[in-house]
Each structure stands twice: as C-alpha cells, then as structure tokens.
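Protein chains: 2
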Amino acid sequence: MVSSIVVYGGSGALGRAIVSTFIKKQWNVISIDFNANQEATTNILLEKGDSLEEQAKRVIGAISGQVDAIVCVAGGWAGGNAASNDLFANSELMWKQSVHSSLVAAHLASKTLKAGGLLTLTGAFPAQKGTPFMIGYGMAKAAVHQLVASLAGPDSGIPADAKVNAILPVTLDTPMNRSGMPNADFSSWTSCFEVAERLYGWATGEIPMTSGKLVEIMTKDNKTTYVEK
Amino acid sequence: MVSSIVVYGGSGALGRAIVSTFIKKQWNVISIDFNANQEATTNILLEKGDSLEEQAKRVIGAISGQVDAIVCVAGGWAGGNAASNDLFANSELMWKQSVHSSLVAAHLASKTLKAGGLLTLTGAFPAQKGTPFMIGYGMAKAAVHQLVASLAGPDSGIPADAKVNAILPVTLDTPMNRSGMPNADFSSWTSCFEVAERLYGWATGEIPMTSGKLVEIMTKDNKTTYVEK
Numbered sequence: 074m075v076s077s078i079v080v081y082g083g084s085g086a087l088g089r090a091i092v093s094t095f096i097k098k099q100w101n102v103i104s105i106d107f108n109a110n111q112e113a114t115t116n117i118l119l120e121k122g123d124s125l126e127e128q129a130k131r132v133i134g135a136i137s138g139q140v141d142a143i144v145c146v147a148g149g150w151a152g153g154n155a156a157s158n159d160l161f162a163n164s165e166l167m168w169k170q171s172v173h174s175s176l177v178a179a180h181l182a183s184k185t186l187k188a189g190g191l192l193t194l195t196g197a198f199p200a201q202k203g204t205p206f207m208i209g210y211g212m213a214k215a216a217v218h219q220l221v222a223s224l225a226g227p228d229s230g231i232p233a234d235a236k237v238n239a240i241l242p243v244t245l246d247t248p249m250n251r252s253g254m255p256n257a258d259f260s261s262w263t264s265c266f267e268v269a270e271r272l273y274g275w276a277t278g279e280i281p282m283t284s285g286k287l288v289e290i291m292t293k294d295n296k297t298t299y300v301e302k
Numbered sequence: 074m075v076s077s078i079v080v081y082g083g084s085g086a087l088g089r090a091i092v093s094t095f096i097k098k099q100w101n102v103i104s105i106d107f108n109a110n111q112e113a114t115t116n117i118l119l120e121k122g123d124s125l126e127e128q129a130k131r132v133i134g135a136i137s138g139q140v141d142a143i144v145c146v147a148g149g150w151a152g153g154n155a156a157s158n159d160l161f162a163n164s165e166l167m168w169k170q171s172v173h174s175s176l177v178a179a180h181l182a183s184k185t186l187k188a189g190g191l192l193t194l195t196g197a198f199p200a201q202k203g204t205p206f207m208i209g210y211g212m213a214k215a216a217v218h219q220l221v222a223s224l225a226g227p228d229s230g231i232p233a234d235a236k237v238n239a240i241l242p243v244t245l246d247t248p249m250n251r252s253g254m255p256n257a258d259f260s261s262w263t264s265c266f267e268v269a270e271r272l273y274g275w276a277t278g279e280i281p282m283t284s285g286k287l288v289e290i291m292t293k294d295n296k297t298t299y300v301e302k
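Residue numbers (this note's numbering), protein chains in the order written: chain A, 74 to 302; chain B, 74 to 302.
Hints may be right or wrong, so weigh each one.
No copy is singled out in the list; a pair is fine if it fits within one copy or between any two copies.
[Said to hold, decoys possible] When the alpha-carbon atoms are kept at most 20 Å apart in a straight line, the in silico SDA-like pairs for lysine to any residue are as follows:
(1) K130 to D159
(2) K169 to S124
(3) K187 to S157
(4) K121 to T283
(5) K187 to K302
(6) K130 to N158
(7) K184 to E126
(8) K286 to E270
I should point out that these hints are in silico values taken from the structure, not numbers from a laboratory.
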C-alpha cells in the first residue's frame, strides 16, 4: 500500500525539497500552500485572507482517509523590537504564518494520522531563548515549541503512539538566504534535501526519534548534526 | 512626586487587588480594562471587538508622561486538546487575551516606562511544560514567557535598566475559583493582595528581583513562596 504524507508549506524552499524527496520514494504527497507544487500528487490551495477557521475547513475538508506523516514547514520571518512601529502587525503575521499552520496540522493529525505516524512542526533555534530583535517571531515559535510538548503528552487528541517533534534549523540553504547573505559561509548552512531525508527516516522509522523533542539542526563543514532538546 | 502604575486588567480579581494596594500607597493608578475600576485614579476602557492595533491606539493614545510600573494581569483560560472542535476559536481567544495585552504593555513600556521601572506580565505555571488539555492556553502563555526573555535582553526597545518579569501563580484565591472549586484546600491558594504587595515591593525596589525571570508563586498552609526560574 502506498504511504501518504501531507506537506504544509509544500511550495516553499524546504517544502519543495520534502515533496520531491517523498515523491522519489513513491509516496503519495499532498501539498498545502498558496501556490501549487506541480511535483506533488495533490495540491490543497490556501487563500491569503483566510481566518484560522477557514484555513482549517479548507484543509481538513480536502483530506479523506489516513496519512502516515504530516510535516508543517510553513512559516515566515519578521524582525522588530518592542519599540518598533511594526510590532503589532509583525506579531500578528508571525502568529498566522507559524501558529495557524501548526494548529491546523495538529488538528488534521487528530483526524487523519495513522497509529505510529509522524507529525513534525517547525520551530526556531533562537526562540529557545529571548529574541529582542524579533519579538513577534520569537513568541510565535515559542508557542510552536510548547505545542510540540503538549501534543506529545497524554490524551493530547492525536494518536497515542504518534511521533511528534519540531525541527529547529539554524540556517537553511535556500535561494532566498543565498540572495540575502551572498557572502556567508555556505558550508555552515543546511541543505533542504538533507532535512527532507531526515524526515523520511523518521517517517519510516529507519531513523529513531523521541516524541516531544525539539531537534536542533546544525551544519559545519557541510556535515549536519541533529540534537534532540 | 507621586509615583504612577498602569494596571492592565485592572477590573479583574487580581487587578482589583493591585489597584487597591497601590491606591492605599498613594500611587497614581491607571486601570485598563473593559469595565471601569472606581478605585483607580484613571480608567482606560477597551472595546471587546478591538483588533490588536486598535487596542494599542486606545491605550497608548491615552497615556502621556512617564510611569514607574506597568503590570499586565489581563488574561483568561480555555481548555481543549488537539481534537477539540473549539481548538481554533480557543487558541485565537487565548492569543488575544494574554498576548495582545502583553504586547501592548510591552510597547507602552517602550514609550512611557521610566528608567529602572517595572514591567510585570502574567505567565502560567503549567505552560512551562506541555499542556495537552489546554493547547491554546499553553501556547499563548509560552509566548508570554518567551516575551519576558526577549524584553530583558539587550536593545529590546524598553529602557535598558527596566526590570521585566512574569508572575506564574498556581491558583489565585478569587471569587471565580472559589465558586468553581468550592471544596478545594484554600490554604494552598494565593491571596491576590499577597501578590499585589509583592508587586509593590518590586516596583519600589524594596524586594529585589532579577530581570528576565518567570516567578513561580506557590502557597502552602497560607504561606506563599516566590521562586525565580
């Protein structure tokens, strides 16, 4: 029987690598994003103006049957400290981009994730501490970190033996990061395909993982390590 | 010169105790809430339908001059796990009640808090770990905890020598809690006036505190202890 994965944010840089990797492994891949990913088996398209409830209805109404894995790599970034004129707009945007998607993924897991299935969300390395220059971003990611701990707890509403974690990459090697930081040391950036292979290992059980953990992803001299926190 | 405090949530059970305590100490007390607190020196009234931006405009537009302390004890509670039909509505509500108020308090601090002033927000003891039965509440409070760490960091936008923390009471002795849990052991609940006196000590500097900390407030046999985490 063909295995299935839902990739929330399947048209972003990391999402595309995940879709591509799982398609090559002959999985059925459902991409959720504002734009279609032509490589995916199925696309669920979101609308920018959607409220959380509307987004949830759109996603959950479109998926029937059970899936083996749900990965949420939707998100965004915005800076600004407490004095910033953008504090409120950016905090709301970060909440929408990181938390709305993670919450819909969690609820979807309660309805469609198979016993023993994988739910991976996306946190942020710096949000494990204070982030004075990016207040809204840090709060939203801290909320996602706490959500992972909640979902891994007893009677959280997702299958009891599901595996839940969050990836915390430091810097992903994406076209946007390359154009934003053209003189950086790329050997310390993490390849999106490297992360996609790790997710495949977790999804199939070939790579062991501990439910409820935040997984710091660090790359040095093109070698990537994964540390569960 | 008269000292001033802003009490966000000044008409709730804890807020009323704080307003009353600081009024008795002859402070100028500005209460912010949906309903006026007649004991306060000044009231700023919020509207239920306010967006974050609207709430901020209402609050910040009404306060001129500098204040010695800003305390945010606004908030609420809602339960539900990831499978709950109320997951989305409750998560949005918790974000509004706990995070909107804390963000406006933080921005207000960047504009009006005196050097060395106090900014205290309200966290939640259980949100330091996973909260499977109250997903939205846990996420919002985890966001507030991370906000405290951000605000205490360098160049966070509030005065560099301001003191920032969050109170994490276990159970406050309020009329609502008494009616909800009539058979509980009240000697393990924390008096709102006890917390108000502690805030007064922090605001005046009579009681030392470490900026950036979460302060667990636990009561046993009517004796309350404060532990900085």
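Do the hints match the structure? See the list:
1. Proximity of K130 and D159 under a CA criterion of 20 Å is satisfied inter-copy only: 13 Å between copies versus 30 Å inside one chain copy.
2. Taking the shortest Cα distances, K169 and S124 sit within 20 Å of each other both inside one copy (9 Å) and across copies (14 Å).
3. Only between protomers do K187 and S157 lie at most 20 Å apart by alpha-carbon distance; the minimum there is 18 Å, versus 44 Å within a single protomer.
4. Proximity of K121 and T283 under a CA criterion of 20 Å is satisfied in neither setting, with 34 Å inside one chain copy and 42 Å between copies.
5. Within a single copy, K187 and K302 get their C-alpha atoms no closer than 25 Å, and across copies no closer than 38 Å, so neither meets the 20 Å cut-off.
6. For a Cα distance limit of 20 Å, the shortest separation of K130 from N158 across copies, 12 Å, qualifies, whereas the shortest one inside one copy, 33 Å, does not.
7. For a Cα distance limit of 20 Å, the shortest separation of K184 from E126 inside one copy, 16 Å, qualifies, whereas the shortest one across copies, 35 Å, does not.
8. Taking the closest pair of Cα atoms, K286 and E270 come within 20 Å of each other only inside a single copy of the chain (18 Å); across copies the shortest separation is 39 Å, beyond that limit.
Consistency with the previously given hints fails for numbers 4 and 5, ordered from lowest to highest.
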